[in-house]
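Chains A and B, in that order, are what the protein sequence lines are. Using the working numbering, read the first sequence as starting at 1 and increasing by one per residue. Using the working numbering, read the second sequence as starting at 1001 and increasing by one per residue.
To be clear, the hints were calculated from the coordinates, so they are not data collected in a lab. Be careful, since some hints might not be right.
Here are the simulated distance ranges between beta carbons [as the list claims (entries may be wrong)]: (1) A:Ala156 / B:Ser1032: 52 to 62 Å; (2) A:Glu70 / B:Glu1048: 50 to 60 Å; (3) B:Pro1118 / A:Glu7: 23 to 33 Å; (4) B:Leu1177 / A:Glu88: 23 to 33 Å; (5) B:Asp1043 / A:Leu140: 28 to 38 Å; (6) B:Gly1097 / A:Glu88: 39 to 49 Å; (7) B:Gly1087 / A:Asp9: 32 to 42 Å; (8) B:Leu1177 / A:Ala42: 30 to 40 Å; (9) B:Gly1145 / A:Gly128: 21 to 31 Å.
Far from chain A, some chain B residues (derived; all Cβ distances over 10 Å) [as the list claims (entries may be wrong)]: (10) Pro1012; (11) Asp1014; (12) Ala1144.
Cβ atoms here follow ideal geometry from the backbone N, Cα and C, with glycine treated the same way.
Letter by letter, the chains look like this.
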Amino acid sequence: MVVRELELDLDAFEGPFDLLLTLLLKEELEPADVDMAAIVVAFVERLAEREELDLEACGEFLVLIAALLELKARALFPDEEAELAELEPEEAAEELARRLAEYRRMKEAATWLAERLAGERDRFFRVGPAPLAPQPERKLAAQDPEQLAATLRLLAEPPAQVSLAHMAIRFPPVAQFLERFRAVLRRRRVFDFDAEVGSLSRIDQAVAFLALLELRKAGEISLDQAAPFSPIRVSRPHDERGSEWIARSA
Amino acid sequence: MDRPLRLITANPVDQLARTVEALLVVASAPLSVDELAEAADDDPERVELALGLLSDRFREGRSGIVLEHVAGGYAFRASREAAVACGRLFERPVERGLSQAALETLSIVAYLGPCSRPEIARIRGVAADSAVAGLLERGLISEAGRDDGPGGAVRYRTTPLFERVFGLESAAALPRLDDLGESAAEIRERLHSVAVGKTA
Chain A
1 MVVRELELDL DAFEGPFDLL LTLLLKEELE PADVDMAAIV VAFVERLAER
51 EELDLEACGE FLVLIAALLE LKARALFPDE EAELAELEPE EAAEELARRL
101 AEYRRMKEAA TWLAERLAGE RDRFFRVGPA PLAPQPERKL AAQDPEQLAA
151 TLRLLAEPPA QVSLAHMAIR FPPVAQFLER FRAVLRRRRV FDFDAEVGSL
201 SRIDQAVAFL ALLELRKAGE ISLDQAAPFS PIRVSRPHDE RGSEWIARSA
Chain B
1001 MDRPLRLITA NPVDQLARTV EALLVVASAP LSVDELAEAA DDDPERVELA
1051 LGLLSDRFRE GRSGIVLEHV AGGYAFRASR EAAVACGRLF ERPVERGLSQ
1101 AALETLSIVA YLGPCSRPEI ARIRGVAADS AVAGLLERGL ISEAGRDDGP
1151 GGAVRYRTTP LFERVFGLES AAALPRLDDL GESAAEIRER LHSVAVGKTA
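Looking at chain A on its own, in the form it has when it is part of the complex (with noise of 0.2 Å):
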């Protein structure tokens, strides 16, 4: 039997015993969050299931317990450990039996607690949200009525009329720049789109492009482009080579 692949369920992890160990160690788990009587309790059934007693399994898991419970107890006790460690023995003792006879006084408490609320399960009553308190009336500070008649003058004059200039962009239109290209293009083989526009507001090279696009659907010009974002090459139609996906992707 092999301690540190003993499966186990509890509330804060569910695994191996090893991977368990590993995530206490790496501090990714809160050795209080882990419930150890429960590990215990895994253990014991499976030694209990295999009906013979493995001392080596069970020595190995003495020591890991033990050394979780040490772990356990310190993160519980931060800021006792120094404390503690100055003890005497017989007052550590006294301290051990102090805290137990604490958690057991809280153990009888809470019997008494589910036998009183066994004792009272036939008390039916209603049950409902808190009442709503009445709202506090609202205090508003000194007004002066001069400013109130101030500010609803100010409220009741027309707004200023919003200047709609920024909206008036004007299109030239494309056939502008589709005879102008056509035109260049008798006098010269090969031109720069960006050189032959470069000089014109954005809204000018914006048409520009478009009258482009529709002379290379019609035909009438191939274009070239090394690269996204390099000068666009416009050409005569023949003069094409083999860069047909650049144009048709534009």
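Following the hints, complete the assembly by docking chain B onto the known chain A.
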């Protein structure tokens, strides 16, 4: 029969008792004498008289509704003889599936509260996060400030609903902590006897 007719005077707090009765019917949580007196616009002493009248009228064996002194106030509940019928129609979700861990946590908060999660974990030896969250959700405990100092942990205390669910007149109705469990001396003696047994 020539005796003159005499006017039968009503109990002087009868009308007040009716008002208190109405207030208790509307309330979803126990109301204290002071709250009742303020709402009824009457003296607390007279309200207590009225409550005495109502306690007699609404008691087990006489009425299906019972007036009880619970959680520091007064509230109506169903009579115990109607519990089976009530159980068929309603459940008590607050206590359904209350685990041992939750009960221990609840005890610690009830006796030592207001107290924080680290304090609860120190006594129980396991983290109390899920138990505290469950009790908060059920309304049995509520937040009650923080520990002193920056980043102090949230403290918790039990609610009136806790007292009501457990049928306690107040937190003082819990048994004395000294009467519960073994004393430190007894445990120490037991530890000692185990240690001696081992070495022997």
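Hints, verified against the model:
no. : hint                             : result
1   : A:Ala156 / B:Ser1032: 52 to 62 Å : holds, 55 Å
2   : A:Glu70 / B:Glu1048: 50 to 60 Å  : holds, 59 Å
3   : B:Pro1118 / A:Glu7: 23 to 33 Å   : holds, 31 Å
4   : B:Leu1177 / A:Glu88: 23 to 33 Å  : holds, 28 Å
5   : B:Asp1043 / A:Leu140: 28 to 38 Å : holds, 37 Å
6   : B:Gly1097 / A:Glu88: 39 to 49 Å  : holds, 46 Å
7   : B:Gly1087 / A:Asp9: 32 to 42 Å   : holds, 34 Å
8   : B:Leu1177 / A:Ala42: 30 to 40 Å  : holds, 34 Å
9   : B:Gly1145 / A:Gly128: 21 to 31 Å : holds, 26 Å
10  : Pro1012                          : holds, 30 Å
11  : Asp1014                          : holds, 25 Å
12  : Ala1144                          : holds, 16 Å
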